[in-house]
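Chains as they are written, first to last, in my numbering: chain A, 1 to 253; chain B, 1 to 253; chain C, 1 to 253; chain D, 1 to 253; chain E, 1 to 253; chain F, 1 to 253.
Honestly, the hints are just simulated from the structure, not real lab data.
From a predicted model like this one, the values you see are computed outputs, not experimental measurements.
This list has only true hints and no planted wrong ones.
Calculated cross-link-like contacts (lysine to aspartate or glutamate; reagent style EDC-like; alpha-carbon spacing at most 16 Å):
no. : chain 1 : residue 1 : chain 2 : residue 2
1   : C       : 191       : C       : 233
2   : D       : 206       : C       : 216
3   : A       : 235       : F       : 193
4   : F       : 206       : A       : 214
5   : A       : 227       : F       : 193
6   : B       : 198       : D       : 34
7   : E       : 3         : B       : 66
8   : D       : 58        : B       : 83
9   : B       : 191       : B       : 232
10  : A       : 253       : A       : 214
11  : F       : 206       : A       : 239
12  : C       : 113       : C       : 67
13  : B       : 235       : E       : 208
14  : D       : 3         : C       : 63
15  : E       : 215       : B       : 232
16  : A       : 235       : F       : 208
17  : D       : 206       : C       : 239
18  : B       : 13        : B       : 201
19  : D       : 206       : C       : 232
20  : B       : 155       : B       : 175
21  : C       : 13        : C       : 190
22  : C       : 173       : C       : 111
23  : A       : 187       : A       : 197
24  : E       : 215       : E       : 22
25  : D       : 192       : D       : 107
26  : F       : 228       : F       : 154
27  : A       : 227       : F       : 107
28  : F       : 3         : A       : 66
29  : E       : 100       : B       : 92
30  : A       : 163       : B       : 63
A few chain D residues that face chain B, going by a derived Cβ cut-off under 7 Å, partial list only:
no. : residue
31  : 33
32  : 86
33  : 125
Example chain C residues on the side facing chain D (calculated, C-beta under 7 Å, incomplete):
no. : residue
34  : 64
35  : 95
36  : 98
37  : 106
38  : 217
39  : 219
40  : 223
Don't be surprised by glycine CBs; every beta carbon is placed ideally from N, CA and C.
The lines below spell out each chain.
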Amino acid sequence: MKTYAYDLLINDKRIDGRAMEEYRKIGIKRGIIHNAEGSAVCTIGSTKIIAGVKMETGTPFADTPDEGNLVVNAEFTPMSSPDFEAGPPGEDATELARIVDRGIRESETVDFKKLCIKPGEKVWMMNVDLHIINHDGNLIDCAFLAAMSALADTKIPKLQDEKTIMRGVYESKLELRHNPAEVTVCKVAEKFVLDPDKEEEEALEAKLTIAVREDDTICALQKQGSKDVSMDDIKHMVEIAIAKTKELRKLLK
Amino acid sequence: MKTYAYDLLINDKRIDGRAMEEYRKIGIKRGIIHNAEGSAVCTIGSTKIIAGVKMETGTPFADTPDEGNLVVNAEFTPMSSPDFEAGPPGEDATELARIVDRGIRESETVDFKKLCIKPGEKVWMMNVDLHIINHDGNLIDCAFLAAMSALADTKIPKLQDEKTIMRGVYESKLELRHNPAEVTVCKVAEKFVLDPDKEEEEALEAKLTIAVREDDTICALQKQGSKDVSMDDIKHMVEIAIAKTKELRKLLK
Amino acid sequence: MKTYAYDLLINDKRIDGRAMEEYRKIGIKRGIIHNAEGSAVCTIGSTKIIAGVKMETGTPFADTPDEGNLVVNAEFTPMSSPDFEAGPPGEDATELARIVDRGIRESETVDFKKLCIKPGEKVWMMNVDLHIINHDGNLIDCAFLAAMSALADTKIPKLQDEKTIMRGVYESKLELRHNPAEVTVCKVAEKFVLDPDKEEEEALEAKLTIAVREDDTICALQKQGSKDVSMDDIKHMVEIAIAKTKELRKLLK
Amino acid sequence: MGKTNDNLIVDGKRLDGRAFYEMRPITMRINAVENADGSAQVAFGNTEAIVAVYGPRKLFPRFLQENDRGIMRYRYNMAPFSCTDRIRPGNSRRGIEISKTSRLAFEPAAFLDDFPTTVVDVFTEILQADGSTRVTGINAASMAMAVAGVPMRDLVAACSVGKIQGQLIVDLNGIEDNNSEADVAVAMMPTKDRLTLLQMDGVLTKDELFTLLDKARENCMRIYDMQKAAIKNSFKQNPDAEAAVEADKGEMQ
Amino acid sequence: MGKTNDNLIVDGKRLDGRAFYEMRPITMRINAVENADGSAQVAFGNTEAIVAVYGPRKLFPRFLQENDRGIMRYRYNMAPFSCTDRIRPGNSRRGIEISKTSRLAFEPAAFLDDFPTTVVDVFTEILQADGSTRVTGINAASMAMAVAGVPMRDLVAACSVGKIQGQLIVDLNGIEDNNSEADVAVAMMPTKDRLTLLQMDGVLTKDELFTLLDKARENCMRIYDMQKAAIKNSFKQNPDAEAAVEADKGEMQ
Amino acid sequence: MGKTNDNLIVDGKRLDGRAFYEMRPITMRINAVENADGSAQVAFGNTEAIVAVYGPRKLFPRFLQENDRGIMRYRYNMAPFSCTDRIRPGNSRRGIEISKTSRLAFEPAAFLDDFPTTVVDVFTEILQADGSTRVTGINAASMAMAVAGVPMRDLVAACSVGKIQGQLIVDLNGIEDNNSEADVAVAMMPTKDRLTLLQMDGVLTKDELFTLLDKARENCMRIYDMQKAAIKNSFKQNPDAEAAVEADKGEMQ
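Produce the entire structure from the sequences given, and follow the hints as far as they go.
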């Protein structure tokens with residue numbers, strides 16, 4: 001759509017005066033939810049997402065009897081935008097949860113073998129719930145920062161006689177082996193831009209979310225948007241992401 | 001709404017000539033459902049509700065390993081009113097079930113420890129299903145009478161080898177420790193009225209359902225209706241309920 | 001409805017020139033789905049249905065502790081007709097699945113005792129999924145042929161240590177004790193007709209699906225359609241089905 | 001009430017003492033649901049159904065209306081406490097199928113074409129289930145529709161017939177149904193001698209089937225006479241007086 | 001946080017050190033959800049609720065509109081990570097009931113009649129649950145509605161009171177709530193001295209109830225003063241400046 | 001078919017005997033669903049997808065229509081029998097995400113703007129799953145859309161590439177997919193050299209990723225040639241003759 005945001009972007013300008021590859025102010029605070037095993041709130045501009053980690057015990061999958069598991073859920077709460085309604089997650093919330101899930105899982109950040117309680121019988125299931133509080137664009141990058149921050153805050157509870165979870169009493173911190181970050185590189189006309197707000201998002205043509213590990217390997221990709229891109233675009237977007245994730249990663253320390 | 005019923009009520013009069021605190025004719029019959037462990041039908045005027053109790057075995061909650069449990073469900077069957085449609089319980093049916101549940105549970109009428117079969121492993125789950133057959137007002141009071149009457153009729157089945165329920169063969173009667181009753185006191189303008197029919201219900205401004213035990217203690221309260229009330233109103237309504245439940249309780253003998 | 005198809009049928013004629021009791025060309029191919037324990041595709045004219053059998057282990061019912069079980073599901077995929085939409089099975093899909101289920105179950109074709117793994121604990125559950133690919137009339141007859149062909153193709157998997165199913169390695173073929181077939185006899189005015197296509201189906205007044213075993217016993221009946229029939233109609237329809245199933249049964253060899 | 005290995009026939013009598021071709025005691029009552037346009041309650045032994053009919057009434061939302069005819073909606077539902085094991089509220093596959101075949105049992109009888117854009121809603125609740133529930137429901141629905149003033153070519157009467165341990169019988173109760181060799185449900189317009197519902201499970205020879213259909217025809221005629229008598233009787237009484245009496249003595253003996 | 005046998009009162013103090021009639025530390029913040037027309041975040045100790053209000057805005061689809069008044073929709077939802085055990089997303093019976101009673105707590109206060117065909121949407125998310133969640137939510141909702149400009153006769157203030165181990169107390173926390181002898185939720189329009197919500201579980205004598213209601217009235221007045229102060233304060237600040245500061249220091253201390 | 005510890009590469013060949021950059025045998029067929037406006041069936045080895053396209057057709061209900069463009073709806077669904085373990089019917093999170101990304105793979109290609117108020121429905125059923133199902137589905141969808149006459153800038157061709165045990169490969173089968181180090185799905189408009197879908201899981205260096213993208217481009221071009229040939233070929237044949245032959249010999253070899 002040829003909006004005001006579009007006219008600015010194709011001239012390398014942005015509504016709020018930022019540079020094309022500049023993020024809005026990012027705020028992260030961990031340990032904000034008393035009952036969660038790990039939690040964080042992340043704000044990027046006025047986009048705000050709370051991530052909470054709840055540990056439950058469950059049965060392992062048949063083909064990985066000595067591994068725990070991770071489930072990422074996202075809810076676009078109806079409060080977060082005048083356009084949302086209550087109900088089961090739609091395709092955007094589902095996609096967001098799955099992209100965040102893959103960035104964590106594929107980067108091998110969590111050693112699922114360490115989440116085994118009794119092989120073949122009982123393992124830890126980590127539920128990462130992403131609660132979107134306010135939607136002003138760039139939800140995926142914000143959600144990934146919130147999720148990683150909540151994981152960094154996560155403690156594994158003690159177990160009473162291998163059965164009952166002793167809530168509030170912890171065995172150990174959850175160990176994270178890697179430090180991945182996700183950057184969504186956006187394209188409008190021939191311009192590349194990062195961290196669009198909601199108004200800018202409506203002007204975008206294509207997006208590529210790229211998860212990058214601290215060793216600069218790529219560990220998840222997802223193209224979005226309804227326009228096509230060239231191979232060279234992809235390569236350029238990957239380069240931008242590798243550079244930018246170095247910056248974001250510092251926030252996760 | 002300033003209807004005919006309203007005009008009468010504010011002059012201490014009622015469509016069918018009853019006194020303000022007089023119930024319509026109440027009919028209760030127990031033991032009407034062959035396959036239920038307990039059952040009753042209660043009619044108040046032409047309001048008619050069947051309550052059935054089914055006993056199933058289940059796993060106790062972790063924090064009450066030696067206690068059985070109670071679940072109250074209500075269905076406003078589509079047959080009961082020209083306005084209802086088939087589907088999952090709406091907010092009124094959910095509220096009704098929860099008010100009846102609380103009146104039974106909070107009064108400590110059932111000793112859940114006596115519903116334990118094997119601590120930590122197996123307990124009795126009592127399902128009380130309230131099937132609304134005809135809706136002509138005052139559903140909550142009618143539902144509570146039906147539920148209590150069905151409980152008074154309930155037998156606990158024998159178990160074969162701690163596993164299979166021997167349907168139709170009983171171990172003992174369910175013991176009831178108390179005899180609570182619920183009265184919904186209604187307010188319109190400055191008048192208080194009991195047992196409104198459906199036409200009168202539309203004229204009401206506020207309602208307070210009050211569960212009272214035979215020792216005159218209060219064991220559940222729920223305000224309904226979209227108008228506010230004063231503290232004095234509440235006190236007056238509680239007094240009315242304490243007096244009236246004495247009468248209703250006789251029907252449960 | 002007095003359509004072109006109707007005008008032809010009441011004169012013993014059909015759109016494609018077939019005789020009144022003649023089926024369209026029937027094609028059956030087994031073993032088409034690599035991951036299924038049994039599978040088949042059946043086409044009648046351009047009606048096309050795939051049946052797949054998946055074997056899972058489960059707990060037996062309390063009153064038949066030494067018997068496995070059968071579940072037939074049908075999905076009218078949205079691809080199969082311009083009129084269908086995605087979603088849970090409607091009343092027609094539910095009815096189709098249940099008629100096919102009964103034809104298999106009631107004819108005692110499967111010896112459920114042979115599907116017992118460990119009495120009271122573990123039995124085979126056979127899922128027969130009917131996937132409607134293209135709907136051009138006479139779905140029930142086509143679905144039954146597909147289901148029976150898939151069952152005839154079904155192998156029972158080996159079990160590893162009574163727990164894990166060894167997919168792709170088989171213990172034995174599923175034994176079928178009988179060879180039932182289903183014929184749906186249709187009535188329009190005073191005429192009887194078999195295998196209507198979709199256009200003809202809209203002209204029909206009543207239908208009777210009749211399952212017949214190879215010993216000419218009747219093992220399931222279901223009247224459909226919104227017109228009534230006489231006792232003599234029923235008797236005549238049963239005679240037609242007994243004759244016709246002899247023909248169809250040859251296709252299942 | 002599930003599968004049993006016991007004899008169902010002892011000394012030439014059925015377990016409940018009935019002769020092979022003897023129906024259970026039948027009770028019929030009109031006006032069981034005050035709010036409905038027509039209602040009835042019918043019991044065959046311990047099987048009990050209550051039916052309310054609303055309509056013909058205008059159908060909303062408007063896009064569901066048919067401009068050339070009225071439509072009928074039919075809900076068959078088992079109350080949660082009606083069976084040995086509790087029935088979970090909500091649609092079951094069995095309920096969906098019975099609702100459909102029951103509706104089709106009335107479509108040939110009702111003059112729906114005369115009421116374009118309207119709906120007749122038929123709500124059946126099975127209060128107690130001891131075999132033959134669908135036919136019991138149809139008998140009550142037929143009476144409720146007549147009382148509601150839905151114009152019909154004839155009352156619809158229904159009954160079950162079947163075979164246990166080699167013996168043909170009528171009106172199967174629960175244990176007979178669960179252990180039958182065949183079970184047939186029939187609905188007819190008796191004075192027209194036309195069938196409107198026919199469902200059969202089990203195994204029967206053609207001759208056995210035809211014998212049973214003749215028995216069903218006889219019984220439908222007897223049921224029809226009872227239906228007519230019950231309706232006629234109800235119009236003689238003062239319905240208001242009747243309602244008062246009922247409330248007094250309990251509704252459901 | 002479930003049932004416990006431990007003492008809840010030690011040396012005349014509650015487990016968290018409070019006196020019997022002492023509320024927990026209360027924090028209130030306006031403008032917690034940027035997109036909303038009004039929003040607020042309120043904490044009572046570890047119980048924390050965030051509320052966003054949208055509206056009054058035109059209601060779509062049109063058939064939901066009321067021509068003579070506006071309507072209010074109220075969602076009370078617990079975030080999945082808010083409790084000791086994870087809450088599965090989706091409607092619960094408890095949530096449905098609380099949403100209804102909370103909405104009714106505001107209907108007497110809001111001038112909805114002045115906005116026909118509109119809706120006010122109130123979205124409450126419980127971020128952390130440690131008892132008294134519904135009243136915490138109502139306090140936040142009241143402030144959010146005021147900020148959104150919904151005309152109200154008065155702010156609504158709410159609090160809980162109850163009884164533990166024989167002692168009357170105010171502002172129950174989680175462990176007190178789960179082991180209370182009685183638990184009362186009250187909402188009021190304090191300057192009008194009118195109740196808009198009253199729910200009680202447990203067992204109380206009439207005198208205890210009336211004493212608690214008086215305590216509730218006192219506390220509602222104090223809460224009311226804090227609400228007013230927070231709202232007034234927020235209008236003094238430059239909201240843009242405030243938002244920037246918040247992003248900087250994390251949102252939720 | 002789940003996780004394995006076995007070698008996936010033996011003697012420089014993959015387990016199914018393929019070279020690293022060798023695709024499986026590919027079969028393509030047009031007109032697989034008679035009722036559809038366009039349809040196709042594509043197999044990559046044991047992975048098999050069938051796609052039917054309906055439209056562009058008027059979209060109802062009307063409020064779903066867009067006045068300035070047509071919309072596309074895309075359903076990706078796995079048949080219950082397509083995998084080793086049965087897939088339960090109904091939406092999965094994975095299916096929702098794949099449906100979305102697949103739809104976006106076509107939006108850049110189709111001229112939807114030329115058909116305001118219409119919809120193109122694309123229904124994909126995965127009949128057999130052995131890796132690379134989404135790209136197999138996209139290849140079939142592309143052909144089905146062409147046959148349905150949906151105007152497109154270019155056919156869309158798709159393939160998978162990835163990495164197993166340190167080796168870059170193309171066209172992952174099931175066991176490779178489940179044990180891969182990286183898995184990339186790519187869709188392109190080959191003659192335009194533009195990407196329309198890109199999804200990646202696993203860990204790759206930037207150089208590996210770019211190498212794989214080049215391999216994907218090569219393969220998409222080859223697949224494109226096969227698609228064109230299959231479509232061209234289908235128009236030469238007499239479709240009626242073809243259908244008859246198919247029914248004869250079974251549909252799916």
